[in-house]
Amino acid sequence: MSKMNMRKAYGEALLELGRDNKSVVALEADLGKSTMSNMFGGAFPERYFQMGIAEANMISAAAGLALTGHVAYASTFAVFASGRPYDQIRSSVAIPRLNVKICGSSAGLSDFGDGKTHQSVDDIALMRVLPNMKVFSPADYYETKKIVKAMAEMDGPCYIRVNRNDVPNVTEEDTLFEPGKAVQMKDGSDAVVYATGYMVYQALEAAKILEAEGISVRVVNLHTIKPLDAEGVQAAAKGMKGAVTVEEASVIGGMGAAVCEALAEGPAESRVRVLRMGIPDCFGTSAQTYEELLVEYHLMPQDIVQCVKKAIV
Amino acid sequence: MPYTEKELHDLRKIAADLRADLIDMIPAGKVGHLGGSSSIMDVTAALYFKHMRVFADPKDPRRDRCVFSKGHAVLAQYAAFAELGYVSREDLKKVKTLDGTLQGHPDMDHTPGIEAVTGSLGQGLSVSLGMALGLRVDGSDSRVYCIVGDGEMDEGQIWEAAMASAAHRVDNLVAIIDRNGVQATDTVEKVLPNGQIREKWEAFGWNAIEIDGHDMLQILEALDAAKQCKGKPTAIIANTVKGKGFPFAEGKAAYHNAAMTEEEYKEALSIVARMREEV
Numbered sequence: 001m002s003k004m005n006m007r008k009a010y011g012e013a014l015l016e017l018g019r020d021n022k023s024v025v026a027l028e029a030d031l032g033k034s035t036m037s038n039m040f041g042g043a044f045p046e047r048y049f050q051m052g053i054a055e056a057n058m059i060s061a062a063a064g065l066a067l068t069g070h071v072a073y074a075s076t077f078a079v080f081a082s083g084r085p086y087d088q089i090r091s092s093v094a095i096p097r098l099n100v101k102i103c104g105s106s107a108g109l110s111d112f113g114d115g116k117t118h119q120s121v122d123d124i125a126l127m128r129v130l131p132n133m134k135v136f137s138p139a140d141y142y143e144t145k146k147i148v149k150a151m152a153e154m155d156g157p158c159y160i161r162v163n164r165n166d167v168p169n170v171t172e173e174d175t176l177f178e179p180g181k182a183v184q185m186k187d188g189s190d191a192v193v194y195a196t197g198y199m200v201y202q203a204l205e206a207a208k209i210l211e212a213e214g215i216s217v218r219v220v221n222l223h224t225i226k227p228l229d230a231e232g233v234q235a236a237a238k239g240m241k242g243a244v245t246v247e248e249a250s251v252i253g254g255m256g257a258a259v260c261e262a263l264a265e266g267p268a269e270s271r272v273r274v275l276r277m278g279i280p281d282c283f284g285t286s287a288q289t290y291e292e293l294l295v296e297y298h299l300m301p302q303d304i305v306q307c308v309k310k311a312i313v
Numbered sequence: 001m002p003y004t005e006k007e008l009h010d011l012r013k014i015a016a017d018l019r020a021d022l023i024d025m026i027p028a029g030k031v032g033h034l035g036g037s038s039s040i041m042d043v044t045a046a047l048y049f050k051h052m053r054v055f056a057d058p059k060d061p062r063r064d065r066c067v068f069s070k071g072h073a074v075l076a077q078y079a080a081f082a083e084l085g086y087v088s089r090e091d092l093k094k095v096k097t098l099d100g101t102l103q104g105h106p107d108m109d110h111t112p113g114i115e116a117v118t119g120s121l122g123q124g125l126s127v128s129l130g131m132a133l134g135l136r137v138d139g140s141d142s143r144v145y146c147i148v149g150d151g152e153m154d155e156g157q158i159w160e161a162a163m164a165s166a167a168h169r170v171d172n173l174v175a176i177i178d179r180n181g182v183q184a185t186d187t188v189e190k191v192l193p194n195g196q197i198r199e200k201w202e203a204f205g206w207n208a209i210e211i212d213g214h215d216m217l218q219i220l221e222a223l224d225a226a227k228q229c230k231g232k233p234t235a236i237i238a239n240t241v242k243g244k245g246f247p248f249a250e251g252k253a254a255y256h257n258a259a260m261t262e263e264e265y266k267e268a269l270s271i272v273a274r275m276r277e278e279v
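Residue numbers (the working numbering), protein chains in the order written: chain A, 1 to 313; chain B, 1 to 279.
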């Protein structure tokens with residue numbers, strides 16, 4: 001399976017959007033090389049705004065650009081794109097439902113070396129609780145590209161979290177992307193694993209191991225965390241002995257919490273036991289490699305295997 | 001641009017009418033931002049009724065934009081909108097009520113003429129910068145006017161926006177600092193002194209002009225000078241009096257957001273009646 005980079009997907013999608021849609025503008029906060037929004041800047045300097053290390057100003061200025069009819073993409077690291085300018089997103093952007101598209105780059109633990117200040121464990125929960133906000137968490141390069149482009153067509157604010165590292169593709173260039181739809185990646189009959197972001201790959205790997213042990217697992221990719229495809233989530237749990245959610249973010253308020261809410265409020269036959277995997281109620285830490293962190297936080301395929309076994313007991 | 005005595009007179013008359021509308025919105029016992037709305041009222045009159053490009057359709061793309069970053073002074077804007085016919089006098093009476101349309105802070109959903117959601121202080125200047133950039137990208141000659149409170153300058157985001165506006169050379173952006181010297185709980189001097197305001201804006205790369213914010217001619221001339229200034233944004237530091245026009249409230253933090261007593265309300269009514277006659 002080929003590995004590709006989601007940040008590159010973001011930069012490429014932005015560049016293509018810039019060519020196709022003159023109303024697209026981009027803002028950056030001195031991390032454009034890293035978020036790869038600089039690809040857009042190189043091609044369309046008059047529509048690319050360097051705002052310096054001042055994320056609050058960047059978000060509110062993006063609102064101003066949206067108010068003059070532009071689709072404004074603002075990107076920086078996920079921690080600085082969500083929590084730091086939270087009230088600017090809330091007040092300047094979300095309340096008036098403006099066309100500001102926020103990219104939280106180097107999300108989750110993916111900025112492995114930089115440690116807890118740079119690792120976004122809370123961005124999904126923060127963005128999910130905001131009225132009018134849509135929240136996306138793509139699984140790979142291709143999905144990132146499709147979401148970044150689709151966001152331009154959506155009315156109102158969007159947040160997308162993007163992994164820093166090269167990750168294996170679990171979808172293909174021509175895979176249909178439908179915003180707001182839960183995607184069954186693999187069918188199974190004993191347990192369902194809901195995953196988002198890079199964890200979709202980890203879940204598929206776990207399913208292979210479990211399959212070999214005689215446990216049949218359905219894997220669902222939730223690239224859209226809000227609005228959640230509640231019906232899709234409920235349907236996927238029907239008849240299962242248990243469910244597991246896995247995300248590279250805090251287990252509080254994130255995708256797993258959203259799944260629990262949907263299942264608890266759903267029909268009786270969907271109310272299975274759910275175990276949530278993710279970052280427990282804590283911050284990240286520095287490591288020499290991304291994989292070291294995924295091992296440390298129990299987000300490897302073997303961890304999912306163990307959790308599924310617990311869930312179906 | 002020279003202004004005739006009649007033009008200035010007419011504007012002063014409008015400012016008096018707007019203050020009358022303001023008092024209508026906050027009868028005795030109803031809490032409202034009297035202080036900060038009346039300090040910016042003369043500037044509001046000059047902007048909407050003389051300087052800015054304003055149309056019957058509040059969404060006309062050729063319009064100039066006015067953003068009250070100090071969103072709590074939105075009552076001044078509502079008064080102007082009533083005069084412009086964007087909202088009705090009935091709407092004014094229902095301000096901040098469940099069945100009314102005029103919210104406690106600027107809300108684009110409810111009020112034609114409101115350009116941005118503000119009220120969470122510090123954000124309006126950044127939004128205005130984004131508008132100025134957007135208008136420039138589109139080749140529009142519309143201008144953006146942002147009302148900033150002097151207390152609001154406590155917010156760090158104001159200075160982020162100040163730096164970025166100078167860096168992007170948005171000469172279609174004007175910040176008007178309503179320097180009334182009083183914030184929510186006390187004087188600016190006591191809460192968090194903001195020192196040499198004019199020099200600060202100049203140091204951040206802005207063209208800065210200091211005026212008496214209640215002198216109609218000075219206001220208009222400063223706005224015209226800002227329009228002439230190329231390559232940098234302009235900050236107009238308007239020295240004002242919080243609660244201007246209402247002696248019981250002038251310069252007092254207690255009237256930042258308070259209800260008038262019956263007596264004060266009666267006094268306010270007779271003051272605005274007198275203002276309208278005297279002008």
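Hints were generated in silico from the structure; no laboratory data involved. Predicted, not measured: the structure shown is a model, and the values here were computed from it. Virtual Cβ for every residue (Gly too), placed ideally from N, Cα, C. One thing to keep in mind: the hints can contain errors.
[Said to hold, decoys possible] Covered stretches of chain A, going by a simulated chain B footprint (3 or more residues, C-beta under 8 Å): (1) 46-53; (2) 226-234; (3) 245-252.
[To be verified] Calculated cross-link-like contacts (lysine-lysine; reagent style DSS-like; alpha-carbon spacing at most 30 Å): (4) K59(B) with K149(A); (5) K227(B) with K22(A); (6) K33(A) with K50(B); (7) K22(A) with K230(B).
Hint-by-hint comparison with the structure:
no., hint, result
1, 46-53, "holds (count 6)"
2, 226-234, "violated (count 0)"
3, 245-252, "violated (count 0)"
4, K59(B) with K149(A), "29 Å, holds"
5, K227(B) with K22(A), "28 Å, holds"
6, K33(A) with K50(B), "46 Å, violated"
7, K22(A) with K230(B), "27 Å, holds"
Hints 2, 3, 6, counting from the list given before, are not met by this structure.
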